[in-house]
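Peer 1: What follows is each chain in one-letter form.
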Amino acid sequence: MTLSSLKIHLALLLLAGAHAGAATTTPAAEIAAAEQAVAAAQRAQPRGDAGATLALARAQLDTSRALLAKRKQRDATLQAQSAAATADLARSQARQDAARAEVESKAARNADLRRRLLVNGSNG
Amino acid sequence: MRRLAIGLLAATLGLLPAAPARAQSATALHEQAVAGLDAELRGLDADPSLADLGGLERLQARQAIAQAVVAKRRDRDHSVSIARLRLQAARIAAEAELLDEQSQQLDSERDQIMVEASRREAEQARRESERLRLRSLAREEALERVEAAQVVALEAAGAETAQARILAQARGREAELARKEAELAAAVAADEIPDAAPPPVRSVGGRQVYTLAGSAFGSGSANLTAPAQASLRALASQLRGGGAGIAIEGHTDSQGADAANLALSRQRAEAVRRVLEDAGLPGARLDAVGKGETAPVADNASAAGRASNRRVEIVVN
Numbered sequence: 755m756t757l758s759s760l761k762i763h764l765a766l767l768l769l770a771g772a773h774a775g776a777a778t779t780t781p782a783a784e785i786a787a788a789e790q791a792v793a794a795a796q797r798a799q800p801r802g803d804a805g806a807t808l809a810l811a812r813a814q815l816d817t818s819r820a821l822l823a824k825r826k827q828r829d830a831t832l833q834a835q836s837a838a839a840t841a842d843l844a845r846s847q848a849r850q851d852a853a854r855a856e857v858e859s860k861a862a863r864n865a866d867l868r869r870r871l872l873v874n875g876s877n878g
Numbered sequence: 009m010r011r012l013a014i015g016l017l018a019a020t021l022g023l024l025p026a027a028p029a030r031a032q033s034a035t036a037l038h039e040q041a042v043a044g045l046d047a048e049l050r051g052l053d054a055d056p057s058l059a060d061l062g063g064l065e066r067l068q069a070r071q072a073i074a075q076a077v078v079a080k081r082r083d084r085d086h087s088v089s090i091a092r093l094r095l096q097a098a099r100i101a102a103e104a105e106l107l108d109e110q111s112q113q114l115d116s117e118r119d120q121i122m123v124e125a126s127r128r129e130a131e132q133a134r135r136e137s138e139r140l141r142l143r144s145l146a147r148e149e150a151l152e153r154v155e156a157a158q159v160v161a162l163e164a165a166g167a168e169t170a171q172a173r174i175l176a177q178a179r180g181r182e183a184e185l186a187r188k189e190a191e192l193a194a195a196v197a198a199d200e201i202p203d204a205a206p207p208p209v210r211s212v213g214g215r216q217v218y219t220l221a222g223s224a225f226g227s228g229s230a231n232l233t234a235p236a237q238a239s240l241r242a243l244a245s246q247l248r249g250g251g252a253g254i255a256i257e258g259h260t261d262s263q264g265a266d267a268a269n270l271a272l273s274r275q276r277a278e279a280v281r282r283v284l285e286d287a288g289l290p291g292a293r294l295d296a297v298g299k300g301e302t303a304p305v306a307d308n309a310s311a312a313g314r315a316s317n318r319r320v321e322i323v324v325n
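Residue numbers (my numbering), protein chains in the order written: chain A, 755 to 878; chain B, 9 to 325.
Just chain B, with the same shape it has in the complex (with noise of 0.2 Å):
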């Protein structure tokens, strides 16, 4: 037993200058490590985009680092490696936190879009609005031109329309000037026909009917000739003393349209009631009418018949 013991001391002894060296390195290696960490943690502190990140898993790596560092020897490679792990977990952490908040963002960017959008959406619709407005106008101004346009028409007509009525009355007036011309000019030739004769005169029904025939107007004319001027003259100085009405009645024969024959009609007997005032007789004794062609006194089949159709009766009561 005391050799026993001698010897586990001589033993012990022995060893004791190697034991401190061993010693003294597994402690540099564990310090070593422990630095390379706690260096590793102030690393991730340092990061601007990971500070303030992952607290909690930073805060249990920071722990665990404290307690490698005061670890004590045998329990030194297990703390080291929770100090790994905690630290490992703690950056992940941060990164996941990080990620979290580019989602928010990814929301936020989502948000500005739709506004955006919207924005947009509005914008098409009030310029839409405005192309409407715009083509609107367009088409009342458009509208607007052609209202204007059809009124210069309107007034052009209106005018145009003026200016015939205008040209048409110079005309009648003209053509009036003419017929009293060719009748002053009848007039003043029958006054150079002496001893003229009233027209032939019938008895009927106790009237006496003077007939004026055809061939004393123009053909188709209603301008007396001026042997049937003179002959109306000598008829105004026999009735000139009496005061009975007189009925001047024009007639035709059936040849061109009726309205034309009683407008031409109406014409001679209204010429020869002229005739017969400016010759003296009053104008309330005398009463023109056309009649056209509906009293016939012949057969318009002939031209004899016609010739006795065309005629100015002048019934005396």
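Chain A extracted, bound-state conformation (with noise of 0.2 Å):
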């Protein structure tokens, strides 16, 4: 292999990994998916491990505008996709946190009205 040989094996290399790169979606729209996301989850007021998990996502979601701000495209676009992914896991675990909360509310409530209506009352 000659000198310019190497040089344009090296040249189509980088060509392929900036193609590569470019195949995904841009960083603007992976960040406009997590703020989306995050904003989802937010509207679903999470408490716990679930607030934990939004706080998570909301400080990727920063480092993915940094690393935009720093012209690191590739690294602010996965930043940007696991703020989204992390802000869907926190609506998730406060949406399971709330139906879980409703369920046991009801449950407590059926038997106080089965106690009080059913129990209670047929011994009236």
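If you're looking for bench data, these hints aren't it; they were derived computationally from the structure. Certain hints may be false.
[Claimed, not checked] Here are the in silico distance ranges between beta carbons for each label pair:
| # | chain 1 | residue 1 | chain 2 | residue 2 | range |
| --- | --- | --- | --- | --- | --- |
| 1 | A | A782 | B | A74 | 21 to 29 Å |
| 2 | A | Q790 | B | Q132 | 52 to 60 Å |
| 3 | B | R139 | A | L872 | 19 to 27 Å |
| 4 | A | A861 | B | R82 | 31 to 39 Å |
| 5 | B | A31 | A | E858 | 48 to 56 Å |
| 6 | B | R135 | A | Q796 | 50 to 58 Å |
| 7 | B | A31 | A | R797 | 39 to 47 Å |
| 8 | A | Q796 | B | D115 | 24 to 32 Å |
| 9 | B | R128 | A | A861 | 15 to 23 Å |
| 10 | A | R797 | B | R139 | 31 to 39 Å |
| 11 | A | E858 | B | E149 | 52 to 60 Å |
| 12 | B | E149 | A | A861 | 49 to 57 Å |
| 13 | B | T35 | A | E858 | 42 to 50 Å |
For every residue, glycine included, the Cβ atom is placed at its ideal position computed from N, Cα and C.
Two chains, two frames, a set of hints: combine them into the complex.
Peer 2: Okay, here's the thing in structure tokens:
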């Protein structure tokens, strides 16, 4: 292999790498998607573990924005994707927490109704 | 420059035997990680309690795993991380939807409890109504029994009253028979008294008044003694030819109650009337009245006066 051919090979490798990076969506689009995911998770009013997960998503989103500002397109994209996935997880956790609390509340309510209306009431 | 190029080439060639091995190892690890995620996703799909739940999140997880499969070498760790997050979110979302279903079931259960409570309440109200109806019925029956007992008692009382009335009538008849028997006995006895004289007479206002003394009767009785009946028969013989009316007035003293004296005087006057009628005087001429103690002829304070006041006067008009 001559020096010229080596240069050409390296150039092709660089082009291929650049193409691979550009094959995914743009960082701005990923960041916008992550912002929507974080907003949706926020509306679910996460607490506890879900709140911590949402905080992580926000941190990842901030990191993504910072990387974009530094023109680190690929890293910004990856961070935005992580932020979106983490925010979706936070939303699921918050939804699960709310659903569990509702089930517990309704189960207690039913037990109380059963005791007041059926158990005690049947004595009358 | 030539030496540098040769050196780089030599170094590259020197590394060539080791690089494929590391690449194969990393690929295997990646494939292993992805296979684990895929197995976990299939496990989630196979869970009957979570099947068909968390559909959107499950789809995102499936896409993330698919991207991890085809991810380029430098994106492998990131893609696996994303797939792991998506898979975790899918499981949690499915569990949340399962909880939502349970929540709906609890709402349905609450409705059933309320329906059952209403049914029991209605049943209890029906029982209470039935209990009150039966109690009312029992009261009515008790009242009917009381009324029936009262009717029986009244009937018994009526029967007793009727029986008492019959008894009184029987006693009255018995007394009447006894009286007639006594009168008959007295009459028989009087018939055996020869030459009896009429009662003493006096003239008052142009009328002849015959006085039969109280001794003509038994004590407290309206039964005439045999001599008194004989005397009255003698009087009847004297008066039989005339047509004048004859008033028979019974009198008593003031001893005892006015009503009793009036009744006794009336009974004695009536006894005299029967004897006179039996002796042949027409009943139409005879009028018997009782005057009780209202017309004394002597002072009732003395025994002699009271004896004079106890009398029957036969007034011939």
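Peer 1: Of all the hints numbered above, which does this structure not satisfy? Sort the numbers upward.
Peer 2: 4, 10
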